[in-house]
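Number of protein chains: 2
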Amino acid sequence: MKAKVHVTLKRGVLDPQGKAIAHALNSLGFDEVLEVRQGKVIELDLRETPPDQVQARLDAMCRALLANTVIEDYRIEL
Amino acid sequence: MKAKVHVTLKRGVLDPQGKAIAHALNSLGFDEVLEVRQGKVIELDLRETPPDQVQARLDAMCRALLANTVIEDYRIEL
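For the protein sequence lines, the chains are A and B, in the order given.
When you number the first sequence by numbering that gives the first Met the number 0, it's gap-free, plus one each residue, and the end is 77.
When you number the second sequence by numbering that gives the first Met the number 0, it's gap-free, plus one each residue, and the end is 77.
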């Protein structure tokens, strides 16, 4: 089975990479770009897991490794 | 207005970062993880643009900067 985890910086946390992208797009003539923030998507291919456990297992993976919950939010998509 | 661009490696392109994540998750006891692939999400905040032009403008941004179309696919979400 497949699952996706979206990891994004929390509001208020500086995103220098996003800023660099915004600046580069403006330089290329895309003046309509006001702000850019960059996040990650982690696509997981999982062995079949009981449906009532998948969410909890993914949550544990996020807390253990996939997201830095001090500065990042995550969202699980099944 | 907001837009999101999802950038993922094409099927068949090696993803060492994904492999490292899968290996780390397995080491942490998440044995159900078979494969991991990592992609990017770029969230853009745009000045109001005529709706018939937004898609084309974002497409141009992807081709010019956001995605390397040789090895990456992109998907625009408005």
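Check each hint, because a few of them may be wrong.
Said to hold, decoys possible - Within a straight-line C-alpha distance of at most 20 Å, the following computed SDA-like cross-link-like pairs (lysine to any residue) qualify:
| hint | chain 1 | residue 1 | chain 2 | residue 2 |
| --- | --- | --- | --- | --- |
| 1 | B | K39 | A | P50 |
| 2 | B | K9 | B | V53 |
| 3 | B | K3 | A | A19 |
| 4 | A | K39 | B | I75 |
| 5 | A | K9 | A | Y73 |
| 6 | A | K1 | A | A19 |
Calculated directly from the structure, the hints in this document are not laboratory data.
Going down the list of hints, with the structure as the test:
1. B/K39 to A/P50: Violated, because 27 Å separates the two Cα atoms, which is more than 20 Å.
2. B/K9 to B/V53: With a Cα-Cα distance of about 25 Å, the restraint between B/K9 and B/V53 is violated, given a limit of 20 Å.
3. B/K3 to A/A19: With a Cα-Cα distance of about 17 Å, the restraint between B/K3 and A/A19 holds, given a limit of 20 Å.
4. A/K39 to B/I75: Cα-Cα ~15 Å, so holds.
5. A/K9 to A/Y73: 9 Å, holds
6. A/K1 to A/A19: Distance ~32 Å between A/K1 and A/A19 Cα, so the pair is violated.
The structure is inconsistent with the numbered hints 1, 2, 6, although it conforms to all the rest.
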